[in-house]
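Participant: So you can see what is in the structure, the chains are spelled out below.
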Amino acid sequence: MMSVEPWIILSFAALIFVIGLVGLVVRRNILIILMCIELMLNAVNLTFVVLSKSQSNLEGQMAVFFIITVAAAESAVGLGLVIAMFRTLKSVSTEDIQLLKE
Amino acid sequence: MTFYIFAVIAVVFALTLIFKKNPVSSAFSLIVVFLSFAGIYAVLGAHLIAAMQIIVYTGAIMVLFIFVIMLLSADVPDLDYSRTSKTTKITALIGGLTLWGILTWMFKGAELTKTGTHTEEWITQSGGNTQVLSELLFSEYILPFELTSILLLAAIIGAVAIAKRKRGKKT
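Chains as they are written, first to last, in the working numbering: chain A, 1 to 102; chain B, 103 to 273.
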């Protein structure tokens with residue numbers, strides 16, 4: 001079943017995490033920034049599942065269960081914030097969030 | 103072998119997610135990434151997590167994302183990442199590659215010992231991954247499970263309160 005070495009899968013999860021992190025820093029569209037956060041959460045979930053498998057301890061998969069729930073709540077509130085931001089600024093670019101500067 | 107197919111698909115579409123200018127194509131790339139993650143979970147034997155990944159992430163969260171993109175009509179292609187300064191891009195690339203190198207080095211050197219009691223044979227004897235996880239969820243983890251409902255309620259109320267248009271307070 002587990003023909004692939006655990007560290008290869010863990011390294012793949014780290015790569016996805018890093019791609020999400022780079023996207024978070026580079027992009028300016030707040031919707032894509034939220035998507036990158038979801039990507040990073042997924043990478044962490046995969047790390048949990050692989051370690052749960054390789055240590056034969058199901059508590060890692062329980063942690064993933066709760067992380068998915070929290071991620072759903074987070075994206076609902078985050079998108080609500082995006083809608084409120086769009087209504088105020090008429091933009092989804094993070095460069096325009098500078099109300100405190102004026 | 104199956105893992106490598108899913109891994110290559112996930113990496114390619116994660117890069118597409120970052121570099122596509124149109125938010126809608128980014129959202130669809132993210133759906134593909136989530137589906138290949140579900141495939142990897144299934145390969146690893148985490149069947150409940152794989153099903154939840156498809157239902158919650160691709161079914162609920164991504165529909166919400168695409169709905170918001172359409173609602174804000176923010177689906178116009180924008181050159182937003184080209185407005186980021188070159189220094190930021192290079193620093194992000196170097197920092198990201200360094201972080202990946204350190205993490206891979208750490209994972210490769212780590213000694214993973216089987217310390218837990220939930221071995222594959224035990225899971226098969228007890229009725230499979232889903233049954234074992236459910237029994238764990240409703241016995242040992244019942245308090246976090248109940249607290250999750252409070253979290254979801256708070257998220258619902260918070261999202262409505264934030265996104266609601268304030269009446270009578272026209273600017």
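Incorrect hints may appear among the rest.
Stated by the list, open to error - A short list of chain A residues far from chain B (calculated; beta carbon distances all over 10 Å):
#, residue
1, VAL4
2, LYS53
3, ILE97
4, GLN98
As the list claims (entries may be wrong) - Result set (DSS-like, lysine-lysine): computed pairs, CA atoms no more than 30 Å apart in a straight line:
#, chain 1, residue 1, chain 2, residue 2
5, B, LYS191, B, LYS210
6, B, LYS210, A, LYS101
7, B, LYS122, B, LYS216
8, B, LYS123, B, LYS191
9, B, LYS123, B, LYS210
10, B, LYS122, B, LYS191
11, B, LYS191, A, LYS101
12, B, LYS191, A, LYS90
13, B, LYS123, A, LYS90
14, A, LYS101, B, LYS266
15, A, LYS101, B, LYS123
16, A, LYS90, A, LYS101
17, A, LYS90, B, LYS122
18, B, LYS188, A, LYS101
19, B, LYS210, A, LYS90
To be verified - A partial selection of chain B residues facing chain A, derived with a Cβ cut-off under 7 Å:
#, residue
20, ILE107
21, PHE108
22, ALA109
23, ALA116
24, MET172
25, THR221
26, ILE252
Hints in this document: simulated from the structure, not taken from any laboratory.
Even for Gly, the Cβ is constructed at its ideal location relative to N, Cα and C.
Participant: Each hint needs a verdict: does it hold in this structure or not?
Facilitator: How the hints compare with the structure:
no.: 1; hint: VAL4; result: violated, 5 Å
no.: 2; hint: LYS53; result: violated, 5 Å
no.: 3; hint: ILE97; result: holds, 14 Å
no.: 4; hint: GLN98; result: holds, 15 Å
no.: 5; hint: LYS191/B x LYS210/B; result: holds, 28 Å
no.: 6; hint: LYS210/B x LYS101/A; result: violated, 47 Å
no.: 7; hint: LYS122/B x LYS216/B; result: violated, 42 Å
no.: 8; hint: LYS123/B x LYS191/B; result: holds, 16 Å
no.: 9; hint: LYS123/B x LYS210/B; result: violated, 35 Å
no.: 10; hint: LYS122/B x LYS191/B; result: holds, 16 Å
no.: 11; hint: LYS191/B x LYS101/A; result: holds, 25 Å
no.: 12; hint: LYS191/B x LYS90/A; result: holds, 27 Å
no.: 13; hint: LYS123/B x LYS90/A; result: holds, 19 Å
no.: 14; hint: LYS101/A x LYS266/B; result: holds, 26 Å
no.: 15; hint: LYS101/A x LYS123/B; result: holds, 28 Å
no.: 16; hint: LYS90/A x LYS101/A; result: holds, 18 Å
no.: 17; hint: LYS90/A x LYS122/B; result: holds, 22 Å
no.: 18; hint: LYS188/B x LYS101/A; result: holds, 24 Å
no.: 19; hint: LYS210/B x LYS90/A; result: violated, 48 Å
no.: 20; hint: ILE107; result: violated, 12 Å
no.: 21; hint: PHE108; result: violated, 9 Å
no.: 22; hint: ALA109; result: holds, 5 Å
no.: 23; hint: ALA116; result: holds, 5 Å
no.: 24; hint: MET172; result: violated, 11 Å
no.: 25; hint: THR221; result: holds, 5 Å
no.: 26; hint: ILE252; result: violated, 11 Å
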